[in-house]
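*Asks:* Here is how the chains run, residue by residue.
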Amino acid sequence: MIVFSYMNKIDFNNTTGPEQKEKWTAFLNGETDISDIQDMDAKDKSDLTSAWEATGTAFSYSAADPDKAWSTLLQKIHKPEINPAIRFLNSRVLQVAAMIVIAMGIGFSVYRVIWISDKKIIQPVKMLVTQTEAHPLNFTIITLTDGSTVKMNASTRIEYPEKFTANVRKIKLSGEAFFEVTRDTLHPFIVETAKASVEVLGTSFNVSAYPMATLVEVNVRSGKVKLTPIGEGKSSHKSAVLPAGQHGWLRLADDNLGHENRLAPNYSSWITKEIIFQRTPLSEAFSILENTYHVKFIIKNPEIGKIPYTANFADLNLDYIIEVIARTHKLSVTRDGDKIIFARKVY
Amino acid sequence: MLIGDDWKIFEAVKRDDKGAYEKIFRGYYRPMTAYAFRFLGNLPDSESIVQDVFLRLWQKRREIVISTSLQNYLFRSVKNQCINHIEHEKIRSGYQAMVIMNETDRSDYSEFFLEFGLMKKIEAAIAALPPKRQEIFRLAREEGLKYREIADRLELSVKTVETQMTLALKQLREALKEFKNLVIFFIGFVKGK
Numbered sequence: 001m002i003v004f005s006y007m008n009k010i011d012f013n014n015t016t017g018p019e020q021k022e023k024w025t026a027f028l029n030g031e032t033d034i035s036d037i038q039d040m041d042a043k044d045k046s047d048l049t050s051a052w053e054a055t056g057t058a059f060s061y062s063a064a065d066p067d068k069a070w071s072t073l074l075q076k077i078h079k080p081e082i083n084p085a086i087r088f089l090n091s092r093v094l095q096v097a098a099m100i101v102i103a104m105g106i107g108f109s110v111y112r113v114i115w116i117s118d119k120k121i122i123q124p125v126k127m128l129v130t131q132t133e134a135h136p137l138n139f140t141i142i143t144l145t146d147g148s149t150v151k152m153n154a155s156t157r158i159e160y161p162e163k164f165t166a167n168v169r170k171i172k173l174s175g176e177a178f179f180e181v182t183r184d185t186l187h188p189f190i191v192e193t194a195k196a197s198v199e200v201l202g203t204s205f206n207v208s209a210y211p212m213a214t215l216v217e218v219n220v221r222s223g224k225v226k227l228t229p230i231g232e233g234k235s236s237h238k239s240a241v242l243p244a245g246q247h248g249w250l251r252l253a254d255d256n257l258g259h260e261n262r263l264a265p266n267y268s269s270w271i272t273k274e275i276i277f278q279r280t281p282l283s284e285a286f287s288i289l290e291n292t293y294h295v296k297f298i299i300k301n302p303e304i305g306k307i308p309y310t311a312n313f314a315d316l317n318l319d320y321i322i323e324v325i326a327r328t329h330k331l332s333v334t335r336d337g338d339k340i341i342f343a344r345k346v347y
Numbered sequence: 001m002l003i004g005d006d007w008k009i010f011e012a013v014k015r016d017d018k019g020a021y022e023k024i025f026r027g028y029y030r031p032m033t034a035y036a037f038r039f040l041g042n043l044p045d046s047e048s049i050v051q052d053v054f055l056r057l058w059q060k061r062r063e064i065v066i067s068t069s070l071q072n073y074l075f076r077s078v079k080n081q082c083i084n085h086i087e088h089e090k091i092r093s094g095y096q097a098m099v100i101m102n103e104t105d106r107s108d109y110s111e112f113f114l115e116f117g118l119m120k121k122i123e124a125a126i127a128a129l130p131p132k133r134q135e136i137f138r139l140a141r142e143e144g145l146k147y148r149e150i151a152d153r154l155e156l157s158v159k160t161v162e163t164q165m166t167l168a169l170k171q172l173r174e175a176l177k178e179f180k181n182l183v184i185f186f187i188g189f190v191k192g193k
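Chains A and B are the protein sequences, given in the same order. The opening position of the first sequence corresponds to residue 1 in our numbering, with each subsequent residue numbered one higher. The opening position of the second sequence corresponds to residue 1 in our numbering, with each subsequent residue numbered one higher.
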C-alpha cells in the first residue's frame with residue numbers, strides 16, 4: 001500500500017522543503033490526498049505524524065467526560081421506571097380520583113392532563129429512579145434536566161422526573177447525596193426524604209438521610225437551604241433556614257431541629273476522599289470511614305471507641321489508613337470480607 | 001488492573017455485577033475515546049461510539065465470548081464502529097484511509113492509556129505555542145475544522161493557516177522530542193476514587 005511507504009522510505013539527505021511539510025500537515029488534517037506528496041523525508045513525515053497523533057490523543061483523553069457518559073449510560077441501561085404510585089393509577093376507576101387530586105393541586109409535579117378528542121387521558125411525567133450499590137467503586141453523578149447535578153453516595157436512591165415541568169423541581173432521596181442546584185428563583189428545588197424536605201433556590205449542599213439513621217443532616221456549602229420535617233401529623237410551620245457554612249439536622253426521635261455554625265467535619269469525604277480527624281473518638285472516625293469506603297468496622301473492646309485520634313488522609317486507600325490507625329494505637333486488626341475488626345493486642 | 005485479569009472481571013459482568021461493569025467503564029472510557037478520536041478526529045462522535053460499545057457490552061453480556069482479552073475486544077469494537085461510521089459518512093480523507101490501514105493489525109494499545117505526566121507535557125507544549133498559532137492549531141486538532149473554515153472564522157488567508165499549522169506541528173514535535181516515539185505506557189486503571 002502506498003500509504004505505508006512513508007514508514008519505510010530511507011532518507012539519505014534531509015532535504016524536505018517547507019512545501020512538502022505543509023502538504024503533509026494538510027494531509028493529516030484531511031485536506032489533501034496522499035498522492036499529492038512526493039519526495040518527502042520519512043523522518044519528517046513520521047515526526048509530524050506523531051506530533052499530530054499525540055496531541056489528538058492527549059486532547060481527546062483529557063476532554064472525554066466519563067462521569068457524564070456513565071450517567072447517560074446508566075439511564076440507557078435502567079429502562080425508565082415508572083413510579084409505582086402512577087402505575088397504580090392506570091386503573092380506570094382511579095383516574096377520577098386522580099383528577100380530584102389534581103384539582104386540589106397536590107399532584108402537580110406528577111401529572112399532566114391532555115385532551116384527545118373527548119377522552120381525558122392522564123399522562124404521567126415519567127419518573128426515573130437511580131439506585132447506587134452498597135459497595136460502589138466510585139460515586140455516581142446524575143445531571144438533571146435543569147443542569148443541576150446530584151452526586152450519590154453508596155446505597156442511595158433518588159427518584160426524579162425525566163423532565164422538570166412543574167412549578168417546583170422536586171426529587172426524592174433516600175441515602176446521601178451532594179447537590180449542586182442551578183439557580184432558578186421561579187422554580188424552587190426540593191429534596192424530599194422520608195422525614196424531611198429540603199428546599200432551595202440555587203445552591204450546593206449535602207443531604208444525608210439514610211433509612212436507619214437517627215438524624216437527617218444537611219451541610220450547606222453555598223446559598224441558603226430550608227429544612228422542614230414532614231410526615232403524618234407534622235405541622236409545617238416548623239423549619240430551619242440554614243445559610244452557607246452551616247450544618248443543620250433534624251433529630252427524628254423528637255423532631256428537634258438543630259444547627260451549628262460550621263460544616264460538619266468530613267461531610268464531603270465520601271466525594272473527596274479527604275478526611276481530617278482532630279481528636280476524633282475512634283468510634284466516630286470509623287463511622288466516617290464507613291461512609292467513605294463502604295465497609296463495616298467492628299470494635300471488639302468498647303474502650304477502643306473512645307480513643308481520640310488525630311490524622312489527615314487525602315485520597316489514600318483504606319488498607320493504608322487502617323494500618324496507620326492500628327499502628328498508632330497498637331491495635332490488632334483483622335478483615336473478614338467487608339468487615340474490619342479492631343481489637344486490643346493480646347501479648 | 002492487569003490485562004490477565006480482564007476475563008475474570010468480565011465473568012463478573014456476565015453474572016450481572018454492575019460494579020464490575022463500572023470498573024471496566026472507568027478504566028477504559030478515556031483510552032477508548034482517544035482511540036476513536038484517532039479515526040474520527042471529532043470528540044462528540046468518538047464519545048458516542050464508545051458509549052455504544054459499552055451499552056452493547058452490557059446488553060449482550062451473556063452472549064459475548066471473548067477470545068483474546070477484554071481490552072482487545074473493546075478496542076476492536078471501537079475500531080469496527082469507527083470504520084462503519086466513516087463508511088456511513090461517505091467522506092473519507094486520505095489520512096483516515098491511512099489510519100484504517102495502520103490499525104488493521106494493532107495489538108498494543110498502550111499509547112491510549114495516557115500517562116498523566118505525558119498528558120500534562122503535551123498540553124503544556126500546546127499552551128506554549130504563540131497565541132494565534134495555538135488558536136489555529138486547536139481549531140484544527142480539537143474542533144476538527146478544515147483550513148477553509150479556520151480561515152473564515154479568524155479572517156485569515158488559507159495560506160496563513162497552512163503555514164501556521166506546519167509551524168505548530170514542528171514546534172510541538174520539537175517540544176516533545178525527549179519522548180521517543182511518543183508512546184505512552186499502560187499504567188493500569190485510574191486510581192479508584
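No lab work stands behind these hints: they were computed from the structure. Heads up, some of the hints might be wrong.
Said to hold, decoys possible - Keeping only pairs whose Cα atoms sit at most 25 angstroms apart, straight-line, the calculated SDA-like set for lysine to any residue is:
(1) Lys151/A with Gly223/A
(2) Lys8/B with Gly223/A
(3) Lys146/B with Pro18/A
(4) Lys146/B with Lys226/A
(5) Lys18/B with Glu133/A
(6) Lys23/A with Leu156/B
Claimed, not checked - On the chain B side, residues computed to face chain A include the following (Cβ under 10 angstroms):
(7) Arg15
(8) Gly19
(9) Arg26
Here a beta-carbon is modelled for each residue, glycine too, at the ideal position from N, C-alpha and C.
*Asks:* To test your reading of the hints: which numbers does this structure violate?
*Replies:* 2, 4, 7
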